[in-house]
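Student: Can you build the whole structure from these sequences, using the hints too?
There are 2 protein chains.
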Amino acid sequence: MASSPTRTDPAPAEAGGEPLAILCGGGAFPLAVAHAARRAGRSVQIFALRGHADPGVAAFPHVWIGLGQYGKLKAELRRRGCRDVVFIGNVLRPRLRDIKLDWQTVRLLPRIVGMLRGGDNHLLSNIGRLFERDGFRLLGAHEVAPDILVPAGRLGRKAPDRAMLDDIEIGRRALTTMGPLDIGQGVVVINRHVVAVEAAEGTDLMLRRCAELRENGRVRAPTASGVLVKVPKIDQDRRFDLPSLGVLTVEGVARAGLAGIAVEAGGVIAADLPAIIAAADAAGLFVYGFEPAGAT
Amino acid sequence: MASSPTRTDPAPAEAGGEPLAILCGGGAFPLAVAHAARRAGRSVQIFALRGHADPGVAAFPHVWIGLGQYGKLKAELRRRGCRDVVFIGNVLRPRLRDIKLDWQTVRLLPRIVGMLRGGDNHLLSNIGRLFERDGFRLLGAHEVAPDILVPAGRLGRKAPDRAMLDDIEIGRRALTTMGPLDIGQGVVVINRHVVAVEAAEGTDLMLRRCAELRENGRVRAPTASGVLVKVPKIDQDRRFDLPSLGVLTVEGVARAGLAGIAVEAGGVIAADLPAIIAAADAAGLFVYGFEPAGAT
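Those protein sequences? They're chains A and B, same order as listed. Taking the numbering used here as reference, the numbering of the first sequence is continuous, increasing by one, and the terminal residue is 296. Taking the numbering used here as reference, the numbering of the second sequence is continuous, increasing by one, and the terminal residue is 296.
No wet-lab data here; the hints were simulated from the structure. Note that the structure is a prediction, hence the values are computed from the model and not measured. Where a beta carbon is used, it is the ideal one built from N, C-alpha and C, also for glycine. It cannot be assumed that every hint is accurate.
As the list claims (entries may be wrong) - If we take Cβ atoms under 7 Å as the criterion, some of the chain B residues that face chain A in the derived model are:
1. Arg-133
2. Thr-177
3. Gly-179
4. Leu-181
5. Val-194
6. Val-195
7. Ala-196
8. Ala-199
9. Ala-200
10. Arg-209
11. Leu-213
12. Val-219
Stated by the list, open to error - Label pairs and their calculated CB-CB ranges:
13. B:Ala-293 <-> A:Gly-41: 47 to 57 Å
14. A:Ala-163 <-> B:Val-106: 15 to 25 Å
15. A:Ala-224 <-> B:Asp-281: 44 to 54 Å
16. B:Thr-223 <-> A:Arg-133: 32 to 42 Å
17. B:Trp-103 <-> A:Thr-176: 41 to 51 Å
18. A:Asp-166 <-> B:Arg-154: 40 to 50 Å
Tutor: So this is what it looks like as structure tokens:
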């Protein structure tokens, strides 16, 4: 049944073959991934989450889907001949009364309620299993658009010095320890001291807090010291939720008076890396991709 | 030499015998501890850190000490016949140019610079060793004023329900895991999800962030759900820096829309527990002391 669409429709065959379905949450990444996938020669079909996806997705063939409409989504995916699905972009935790449930979703409700009670890893992995049970193949954005992954090494003009490399290592270790707790993906380390941990607030708000900690004297290290460190969570299903870097991140790091940004190479996505590097160079910040733990 | 003061002074003998030295940082706790120690029958001598201690400490026999004046502090302690020292209250990380160093401190500089590069545990334990090497005995505030420790059990009218006890347990485990990282002492858990981790910003700012996360929709759980959990750090030297609870904490928890506050019994201090419980009862929040891990 998973392979027999319930309606007959125009065959999806076109340049790029079977279209890639991109299920779009909020933010700039869904569009970046759609463009990159098209550049890589695939035809793209957008499934835009109502209330979350950027209206700019309308530049691609698209359909809008509500959060409680798994039945509609499944039918539309089959109707358009999509088997490969990429889920990209942020989705704020919904208030239940804002969701209109279709019948397929109602049947899944007991399972969904269980998901919503856990942390993000739990939620996303379970959504993944729902899709696969119905015969779809979930891919990570990096699999269809590998050029959005931040690579290893020094990426701009500045390189981290010895003290900054120490801070990077301390941040990396702290994030590795916290990974199993399903807590955020970022920390700020200044002079070997973890001064901020990212949880539900996200990287931008954490950086704003660090700027305030300097202003109110709780952190008194000189500016141009300290590092934002980001890694994917240890047991994170990379098909769903790789952490991201943007020009806003660079601006936040500059305002927080840090020396630079370090991310796990291949584990963090950037919609427009050249723009990020240009912004970092202009602000005198380093951008550095370190090898994952265990790699040599 | 440690037992021979360099000046002859009025003998410290008075009601309470050898006076207790309270080295006072910022906040309300130093005064609460001074009053509690005096109630317990000890005479009290305040050593107030300039730029940090509350001017209210002047109600006790006192002397002001600058942060770089270890030599002066040592001499004054000996002159007043103090051997027992309690170090209480917060001390913001100083900017080096704000510190005037005396000669004794200059000799210790290499060691102090090393301390300032580490996390708080490291810093405080090393300061402890300095004092002990010079013949003083460092006590915890809870040893001279045990009634400031938050006890076990339900402390106000409200008790945590099953879901809240789950959140408490998740917070307790997260904090246990993070302890060795020398990261804060508090988390907020809502519906089994760690939404905020306290690092250098302190509990009040973390709670303000949780209120904002609800306002901007990043956290959509209904109000009166979720818990603030506080424990002392695993390897924390309790003589220096037990986490604290105050009426401000209760107000922050109420504004963040949480259901209550849970702390490790015997591991968190409160300057005025009756006032805290009254505020929590008025706001419909629970206050709960849970047994330390490993206790039965």
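Student: Work down the list of hints and note, for each, if the structure agrees.
Tutor: So, going through the hints one by one against the coordinates:
1. A cut of 7 Å between beta carbons decides the hint on B:Arg-133: the least distance to chain A is about 24 Å, and the hint is violated.
2. Annotation: B:Thr-177 was flagged as interfacial toward chain A, and the flag holds, the nearest CB pair being 6 Å apart, inside 7 Å.
3. Here the hint on B:Gly-179 is broken, as its CB sits about 10 Å from the closest CB of chain A, past 7 Å.
4. The restraint placing B:Leu-181 at the interface with chain A holds, with a minimum CB-CB distance near 5 Å, inside the 7 Å limit.
5. For B:Val-194, the interface hint holds, since its Cβ comes within 7 Å of a Cβ in chain A; the closest pair sits about 5 Å apart.
6. Because the smallest distance between the Cβ of B:Val-195 and any Cβ of chain A comes to about 4 Å, under 7 Å, the interface hint for this residue holds.
7. A hinted interface residue such as B:Ala-196 counts as satisfied when its beta carbon comes closer than 7 Å to some beta carbon of chain A; here the least separation is about 5 Å, so the hint holds.
8. Hint status for B:Ala-199: holds, given a least beta-carbon distance of 5 Å to chain A, under 7 Å.
9. Below 7 Å, beta-carbon pairs count as interface contacts, and B:Ala-200 has one with chain A at about 4 Å; its hint therefore holds.
10. Because the closest C-beta pair between B:Arg-209 and chain A is about 6 Å apart, less than 7 Å, the hint holds.
11. The criterion of a C-beta within 7 Å of any C-beta in chain A is met by B:Leu-213, whose closest approach is roughly 6 Å, and the hint holds.
12. Annotation: B:Val-219 was flagged as interfacial toward chain A, and the flag holds, the nearest CB pair being 6 Å apart, inside 7 Å.
13. Distance hint check for B:Ala-293 and A:Gly-41: the Cβ-Cβ separation is about 55 Å, which falls inside the suggested range of 47 to 57 Å.
14. The given range of 15 to 25 Å is respected by A:Ala-163 and B:Val-106, whose C-beta atoms sit roughly 24 Å from each other.
15. Against the hinted window of 44 to 54 Å, the Cβ-Cβ separation of A:Ala-224 and B:Asp-281 comes to about 49 Å, which satisfies the hint.
16. Between B:Thr-223 and A:Arg-133 the beta carbon distance is about 35 Å. The supplied range of 32 to 42 Å therefore holds.
17. Checked against the given bound of 41 to 51 Å, the beta carbons of B:Trp-103 and A:Thr-176, roughly 44 Å apart, stay inside it.
18. Distance hint for A:Asp-166 and B:Arg-154: a CB-CB separation of about 45 Å, consistent with the stated range 40 to 50 Å.
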